[in-house]
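> Single-letter residue listing:
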Amino acid sequence: MAEQTQVRKYGYNIPISEKTLQVPWEEKVRVIEEVRSDFRFKDFLFGCLNCGVCTASCPSNRFFDYSPREIVQRFLENDIDVLYDMMHEYIWACSQCFTCWIRCPFVNNPGGLVIIMREVAVRNAFEATKDLLKPYGRVLLKVMTTGNQLSADMLQPDFFPDWGPKMLDNMENLRAKRMAIPFDVGKAVKTAWEVSLQTAIEMYQIWRETGIFELIERLDPNLYNVIMDIVEENEERWEELLEEMGEEQA
Amino acid sequence: MGHTSKSPYLKYADPEPFPILNKHSHYDHLFEEMHELEEKGEILVFRITEENKPKYVYTRTGRIKTIPTNKLWHHKSCGQCGNIPGYPASVMWFMNKFGLDYLNEPHQTSCTAWNYHGSGTSNPVALAAVWLRNMHQAWKTGYYPLIHCGTSFGSYKETREQLIFNKELREAVKPILKKLGRLTEDGRIVVPQEIVHYSEWVHAMRDEIAQLYEKEGKPKGIDVSNIRVAIHNACHTWKMMADDYPYDPEVYNGQRPAASTAVIKRLGAQVVDYSTWYDCCGFGFRHILTEREFTRSFAIQRKLKVIAEELKADIIITHDTGCTTTFEKNQWIGKAHGMYYPIAVMSDVMFSALACGAHPFKIVQLYWNCSNYEPLLEKMGITNWRELKKEWEDVVKYIAELEKQGKYDELLEFFKKYDLYEPYSKTSDGFKYRRSATSDMPLFKS
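As given, the protein sequences belong to chains H and E, one line each in that order.
Using our numbering, you'd call the opening residue of the first sequence number 439 and step up by one each time.
Using our numbering, you'd call the opening residue of the second sequence number 461 and step up by one each time.
I should point out that these hints are in silico values taken from the structure, not numbers from a laboratory.
Each hint should be verified, as a subset may be incorrect.
What the hints assert, rightly or not - The calculated DSBU-like cross-link candidates involving lysine-lysine, where the alpha carbons are at most 35 angstroms apart (straight line), are:
no.	chain 1	residue 1	chain 2	residue 2
1	E	Lys850	H	Lys480
2	E	Lys876	H	Lys604
3	E	Lys795	H	Lys628
4	E	Lys500	H	Lys480
5	E	Lys500	H	Lys568
6	H	Lys480	E	Lys634
7	H	Lys628	E	Lys483
Unchecked claim - To spell it out: a stretch of chain E is covered by chain H in this simulated footprint if at least three of its residues, at any positions, have a beta carbon under 8 angstroms from a beta carbon of chain H; those stretches are:
no.	region
8	501-512
9	566-574
10	714-728
11	766-774
12	800-806
13	842-851
C-beta atoms are modelled at their ideal positions from N, C-alpha and C, and glycine is treated no differently.
Taking the hints into account, I'd like the entire structure generated from these sequences.
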């Protein structure tokens, strides 16, 4: 505890959750070290005048308890408790617009620091991260299996009642309307454009090689199973296609 | 025209075209590094050649950026194709009008960066592999990549900077590309000379677009001179890797991003300034989908309300997927709090296409918009928009009927005339082995 007090000598009395206080100090240090050891960290954090330009122009600051200046300051002071606490909910308020980056006189990149923190939060499968990303499952399913983040059939009026009555009209007779889009690969309904099977297969290989599937498994095992069912089915279809092509060539 | 460095990819305007605030750009140094890596045989720079009919613009550091205008590989946007299909269709419509060559094929994924910025469920190696796979595919076809989405553009610029300056990233991504067969035959990574956003293409083509407006738009009775336009620049184009986006003396003397504003000015519409021009739209990546109260509050209070009260603008012009969606879809809900500020929203290329006489529904696909675009059409002189809408609705009915009857051959024949781009005619590997990620039978049979 004495160690913690010493490190926080410049503390601004930011409230820290009980949960964070109960986590062993070494574990918190390990997680923050994981953020600091990212190869981008050195390019995202320099000095800080505490001028607050980043926070003054931050869209998330207007509606959330979120300040890019605090992110920068906490890292400069190595405030382990606050940083660890921020990694559970605080960082998810950032809009990733990078207004803070373009405006900072020191060229700090608080939005960039946040994305590293998010990555580490996901890798460590924090409970708060799992809860927060639950409503995002549909998007993850789509992007992991097809390589498209969004498709026409995802924009159901039930999910977007706040977008108004024209949405209802748009979704009626959706297939024919999509076919009236005047370029061939854009006529797809289940994807934004028609992504070829070969391309999807290559993408699956990228997810495997870079540990993305493992991330999803730690985050949401049920979603992972659904994704892998589709992936494996597509891989089988691809194998069959290769065989057919081989036979034809022979 | 300019002075060069030791790298053929880095050239500065001389004299400076406008007051330059950032003269020692770390970002620009990557063009020298890129050249060195090429000399060492580590990468192959996918060059812009004369075949690409290059044009030249300035960045905010005074660097001369090369913009290819011909023989382009459409790197599509999932948000645009899925939600605002008139956006890419307008780009292709212009390319057809100008007789330019392009390739629009299915062998491409999204950049996956929307997901990354929203959920953190990726990493720099995966992002680099996805980007370089797409670039290799373009290189293999000989068509230069034109990036439609602002986030793809920002993410690719950032990933390229990380790749060029960090050996560890190159060493991590190279074995993956090798397994995919996405290196050159002699084992090099393919890196494009410039990463080019479609809005840069529109910016570079603004004279041609203005000429087309005179030649084909005005004779149809279209007049944009009384249209009041509020410009919204997308954060991921000009704030993310800020040293790689066009600036120009004719737009606020080079002190604000030039793309979109310049083409609208060239068309003769009235660009009107407002106090929150630098603010983002409120999209937020994750927020637009799962924290929508933030997105709509920000969009309404910081942009739509300000634009309505300060300017009485007719339209907000954007140049990215997320901003267009955010402004466009978050108007109606304002009625709940007495904050309804109806205004047309569309991208620079969609508005330009309308000005040049493109069909508002078959090409610009305004049908998908949720905001009030009708008053804008009236004010532009497209007063027959009801008939044009009916035409499009008849097309939809016709397509639905043919499909219901299983007349796929007739449908194909119809698309050959209707589409901007003849179905299946120009993929890099032909139709025969084409299957999609969601179905064995692509297109309308899926």
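> Next step is simple, just say for each hint if it's right about the structure.
Against the structure, the hints:
no.	hint	in the structure
1	E:Lys850 x H:Lys480	violated (58 angstroms)
2	E:Lys876 x H:Lys604	holds (30 angstroms)
3	E:Lys795 x H:Lys628	holds (32 angstroms)
4	E:Lys500 x H:Lys480	holds (26 angstroms)
5	E:Lys500 x H:Lys568	violated (45 angstroms)
6	H:Lys480 x E:Lys634	holds (23 angstroms)
7	H:Lys628 x E:Lys483	violated (47 angstroms)
8	501-512	violated (count 0)
9	566-574	holds (count 7)
10	714-728	violated (count 0)
11	766-774	violated (count 0)
12	800-806	violated (count 0)
13	842-851	violated (count 0)
In summary, the structure is inconsistent with hints 1, 5, 7, 8, 10, 11, 12, 13 from the numbered list given earlier, while agreeing with the others.
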